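Q: Given next are the chains, with one letter for each unit.
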Amino acid sequence: MSPIAILALIIGIPSLLLLIYVFVRGSTGLRRYILTRIGLTLPMIFILATMVFLILRILPGDPVTSALGPKGTPEQIAHIRTTLGLDKPLVVQYGTFLWNMVTLHFGNSLVGGHRPILDEMSERFPATLELILPASILALLIGVYGGALAAAQRKRVVDFSLRIYSVVIYSLPVFWLGLMLQLLFGLRLKWFPISGRIDAVIGTGLKTVTNIYSIDALLSGNGPALLSVLQHLVLPTITLGLILSGVFVRMTRVNVIETLHCDYIAAARARGIRERVLIYGHALKNAMIPVITLIGLQVAILLAGAVLTETVFSWPGMGSYLVERISARDYTAVQSVITVFAMLVALISLAVDVIYSLVDPRVRY
Amino acid sequence: MNRKIFVAATVGALMMLLLVSCKPKAALAANIIIGTTDKVASLDSADAYAVHDWEVIKNISDGLLTWKPGTTDLEADLATDMGKISPDGLTYTYTLKNGIKFGDGTPLTATVYAAQLNRLLTIGPKCPNDVADTLAVPYVKSITAPDDKTIVFQLTTPIAFFPQILAGAPYVASDPNIFKADACNLFPTAPVYGVGAWYIDSYNADEQMVLKPNPYYTGPLKPQAKQVIVRFYSDPNTMALAVQSGEIDVAWRLFSPDQLTQLKGVSKLSIGTINGGAIRYLILNHTQKPFDDPNVVKAIASAVDRNEIVDKVYGGQVNPLYSMVPPGFLGATDAFDKMYGAPNLDAAKKYLEASGYSAANPAKIELWYPPEHYGASTAAWMQVIKKQLEATGEMQVTLQAQEWSTYAPALTGGKAYGAGVLGWFFDYPDSSNYLDPFVFNRGEGTNVTTPQEGSLTGIPINDKAKQLVDLLNKADIETDQAKRADLYKQAQDIYADLVVTLPLFYQAEHVVYRSDIKGSSAYATAETLNIGPNIVFYYSLIKKG
Numbered sequence: 000m001s002p003i004a005i006l007a008l009i010i011g012i013p014s015l016l017l018l019i020y021v022f023v024r025g026s027t028g029l030r031r032y033i034l035t036r037i038g039l040t041l042p043m044i045f046i047l048a049t050m051v052f053l054i055l056r057i058l059p060g061d062p063v064t065s066a067l068g069p070k071g072t073p074e075q076i077a078h079i080r081t082t083l084g085l086d087k088p089l090v091v092q093y094g095t096f097l098w099n100m101v102t103l104h105f106g107n108s109l110v111g112g113h114r115p116i117l118d119e120m121s122e123r124f125p126a127t128l129e130l131i132l133p134a135s136i137l138a139l140l141i142g143v144y145g146g147a148l149a150a151a152q153r154k155r156v157v158d159f160s161l162r163i164y165s166v167v168i169y170s171l172p173v174f175w176l177g178l179m180l181q182l183l184f185g186l187r188l189k190w191f192p193i194s195g196r197i198d199a200v201i202g203t204g205l206k207t208v209t210n211i212y213s214i215d216a217l218l219s220g221n222g223p224a225l226l227s228v229l230q231h232l233v234l235p236t237i238t239l240g241l242i243l244s245g246v247f248v249r250m251t252r253v254n255v256i257e258t259l260h261c262d263y264i265a266a267a268r269a270r271g272i273r274e275r276v277l278i279y280g281h282a283l284k285n286a287m288i289p290v291i292t293l294i295g296l297q298v299a300i301l302l303a304g305a306v307l308t309e310t311v312f313s314w315p316g317m318g319s320y321l322v323e324r325i326s327a328r329d330y331t332a333v334q335s336v337i338t339v340f341a342m343l344v345a346l347i348s349l350a351v352d353v354i355y356s357l358v359d360p361r362v363r364y
Numbered sequence: 000m001n002r003k004i005f006v007a008a009t010v011g012a013l014m015m016l017l018l019v020s021c022k023p024k025a026a027l028a029a030n031i032i033i034g035t036t037d038k039v040a041s042l043d044s045a046d047a048y049a050v051h052d053w054e055v056i057k058n059i060s061d062g063l064l065t066w067k068p069g070t071t072d073l074e075a076d077l078a079t080d081m082g083k084i085s086p087d088g089l090t091y092t093y094t095l096k097n098g099i100k101f102g103d104g105t106p107l108t109a110t111v112y113a114a115q116l117n118r119l120l121t122i123g124p125k126c127p128n129d130v131a132d133t134l135a136v137p138y139v140k141s142i143t144a145p146d147d148k149t150i151v152f153q154l155t156t157p158i159a160f161f162p163q164i165l166a167g168a169p170y171v172a173s174d175p176n177i178f179k180a181d182a183c184n185l186f187p188t189a190p191v192y193g194v195g196a197w198y199i200d201s202y203n204a205d206e207q208m209v210l211k212p213n214p215y216y217t218g219p220l221k222p223q224a225k226q227v228i229v230r231f232y233s234d235p236n237t238m239a240l241a242v243q244s245g246e247i248d249v250a251w252r253l254f255s256p257d258q259l260t261q262l263k264g265v266s267k268l269s270i271g272t273i274n275g276g277a278i279r280y281l282i283l284n285h286t287q288k289p290f291d292d293p294n295v296v297k298a299i300a301s302a303v304d305r306n307e308i309v310d311k312v313y314g315g316q317v318n319p320l321y322s323m324v325p326p327g328f329l330g331a332t333d334a335f336d337k338m339y340g341a342p343n344l345d346a347a348k349k350y351l352e353a354s355g356y357s358a359a360n361p362a363k364i365e366l367w368y369p370p371e372h373y374g375a376s377t378a379a380w381m382q383v384i385k386k387q388l389e390a391t392g393e394m395q396v397t398l399q400a401q402e403w404s405t406y407a408p409a410l411t412g413g414k415a416y417g418a419g420v421l422g423w424f425f426d427y428p429d430s431s432n433y434l435d436p437f438v439f440n441r442g443e444g445t446n447v448t449t450p451q452e453g454s455l456t457g458i459p460i461n462d463k464a465k466q467l468v469d470l471l472n473k474a475d476i477e478t479d480q481a482k483r484a485d486l487y488k489q490a491q492d493i494y495a496d497l498v499v500t501l502p503l504f505y506q507a508e509h510v511v512y513r514s515d516i517k518g519s520s521a522y523a524t525a526e527t528l529n530i531g532p533n534i535v536f537y538y539s540l541i542k543k544g
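So the sequences go chain by chain: A and B. In this text, residue positions in the first sequence follow numbering that gives the first Met the number 0: the first is 0, and each later residue adds one. In this text, residue positions in the second sequence follow numbering that gives the first Met the number 0: the first is 0, and each later residue adds one.
Looking at chain A on its own, in the form it has when it is part of the complex:
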């Protein structure tokens, strides 16, 4: 079983169970809402895929001649065009593309090893997942608690500092921040490794099952490998997590401040509940509802950030794969990765909306 199949099972089965649970136990309104959202997601994915297909074909240049370069003979060009079905009419190509997308047969890469794109993505996707999950957690930890702290300390030094932090960190280019962290913590202080997912030598002893190295190291009980994986995760996670945290700080701060003006907070305050409990125990919970929506919206930014972070840290994930394939004019791979990214964003948005509807019973279609 391929790593991506294992991952699909690990993520897919609990998600499916959760959806079934919500569907069975939820109210009629909730069921209708979920069905409507699923109904809207499918055409959205279809439109996105169609746009990707058309844009790549509108762009000037022929991918095959580009991939082969000046040394490509007419026979080689014709051979590859036939293999890829590029000699067929556009409508036929589009139909094949859609069918392949549905069946997850993305075809073979145009350059390099001409490997099946699904194989390449199944090797790369776990690396991206291993990066974006801790980065999201870090961004949420800093963002939510930073925002709440700023709200609690409103118009004081801490508040101003956190507001400045949120603007500055959000506007920093990811690659610049990554490079600075590499230079400081990797090159000068030598605290953390500069690149890759695991030490080259230690990595030779790691048996991979899921391709999420931290899980693989845990499964195989390989302590040095786990330590090395965690070390390699630090700088890219901080880079991506810090960049994302800025929006969460601002959003949480504004929502907590608004919530603090609510009647139930005034009532709680009148009952003598301590300010700290009010903010972190009562106001923050309600303020989190819009933040959940923001998480869904940030997924696209997270993936875009992952593209740059992975490139800077030579992290062999989907982002660096996309950059490599764009450079190589591997249109088949580019089309597949963008489609997968689009599907991922759409599905996570769907999941966030479902969670949102559970958290806030007022949300219904």
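To be clear, the hints were calculated from the coordinates, so they are not data collected in a lab. Keep in mind the model is a prediction, meaning the values are calculated, not measured. A virtual CB, placed ideally from N, CA and C, is assigned to each residue, including glycine. Keep in mind that a hint or two might mislead.
As the list claims (entries may be wrong) - Beta-carbon label-pair distances, calculated as ranges:
#: 1; chain 1: B; residue 1: Q382; chain 2: A; residue 2: A77; range: 36 to 44 Å
#: 2; chain 1: B; residue 1: G98; chain 2: A; residue 2: H104; range: 17 to 25 Å
#: 3; chain 1: A; residue 1: V166; chain 2: B; residue 2: P326; range: 52 to 60 Å
#: 4; chain 1: B; residue 1: P137; chain 2: A; residue 2: P115; range: 25 to 33 Å
#: 5; chain 1: A; residue 1: G94; chain 2: B; residue 2: K100; range: 50 to 58 Å
#: 6; chain 1: B; residue 1: D310; chain 2: A; residue 2: L41; range: 17 to 25 Å
#: 7; chain 1: A; residue 1: I354; chain 2: B; residue 2: D515; range: 52 to 60 Å
Stated by the list, open to error - Derived coverage of chain A by chain B (criterion: at least 3 residues anywhere in the stretch with Cβ under 8 Å from a Cβ of chain B; other residues may be distant):
#: 8; region: 32-40
#: 9; region: 197-203
#: 10; region: 306-319
Got chain A sorted already, so can you dock chain B onto it with the hints?
A: Relative to chain A, chain B alone:
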């Protein structure tokens, strides 16, 4: 979540940071880690057509002939000697050494070897990277083994540079248990064995490849490390930082001039410069106006100052090129320098005025270039060329940029563009590979010949082009190297006179390594870790400590 959880999470995160900042034990000295910005595209010798793939293949397997490390000189490898060539130059016969085995213990016989080489002719052209259509099918008619010791190559046409082709990666002995006769196997499951000094123990095309010594290897290049790990980088900047920090021992091949300047100032690092075979030049289409006028192309050749490009754009990190054949290759000359002494604006003006051009009636020239394919500096040096040509006062230059996928076929197709920039890297380290492709059969868009059915060279457009074609044909079949060198010298003079293309500069390759890494003093160019102009990196020759 309450404050306690937050505090616990923060403390946990800090502890984790502290924990992970404790480095695991350093890698054993017996490991050598080589960083590269290349990727593995194919490990099948019947298919692979990329510098890095050839590097790996040449490390895990050997061929009948090979290059002496650090040079392009040939020597016998699996063959007992340099072989016998029939008087008509069509038959090459080699005798195999005794006792050669693959890494899994399978003996190599001539029968097995010939059968594996025949994959080049049978399934090779159907494989995706299709090296066979360039380096086998046009030259080799058949490969046979009359007995278990003898291999016979029957060629389609006599070519004196066949031994250079034979020394390359496509002609190494591939393992019949891994590379079957009827299928391409670009990414075989590890371990991947050959008859070379190393075998591939494991690899992941995106992260790293682990090579271990072949226990059955009996050749001269004995491994000096327990294992070699080739680590793949997507960004040369990150690779440069990694070699500085000591994460890798060697960083190999693609660095920008800025990175090299910075790395030169780092202690504990050495930089080896290899005058490799990557060249840049202008394609001039001899059937399009105004480049169909010999005076115009000569004026261009007279006006271009290569040193200004080298110094201003590349800070001296590339070298001026005065012939398509780079220095170090057989018969290389400075033909363009001798003929035009560029920059010589007076001479350029004379050529232009001889064709009726003047300040009032300048020659209108369009120069095309791909802004992204050869790096960001391309636009800068195209601007330099524009200024140099316009300094004659009699040429008006328009620069046109086009994305590579449109640009390459348009330029080399020989119909759309009059002139444009292109790069070249040899398929085999021989002068013929720097001249023939630009002259024969439309010459990559130069159009000094027109293609003809059944002809390998095409029809020359004028007498000088015919002279050039004849000389190159003669050189291609001449087996006496001194005579070949002389023929190439003559050919380069005519090439420069015709200005078939305009060579501009050649790029050196760079290997950056830490101070505890050494090349072998038993072979040439230990300072470049014995990597020679053929860009073959033998991992066995490097030593750590």
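Q: List, from low to high, the hint numbers that the structure doesn't satisfy.
A: Hint check: 2, 6 and 8 fail, others pass.
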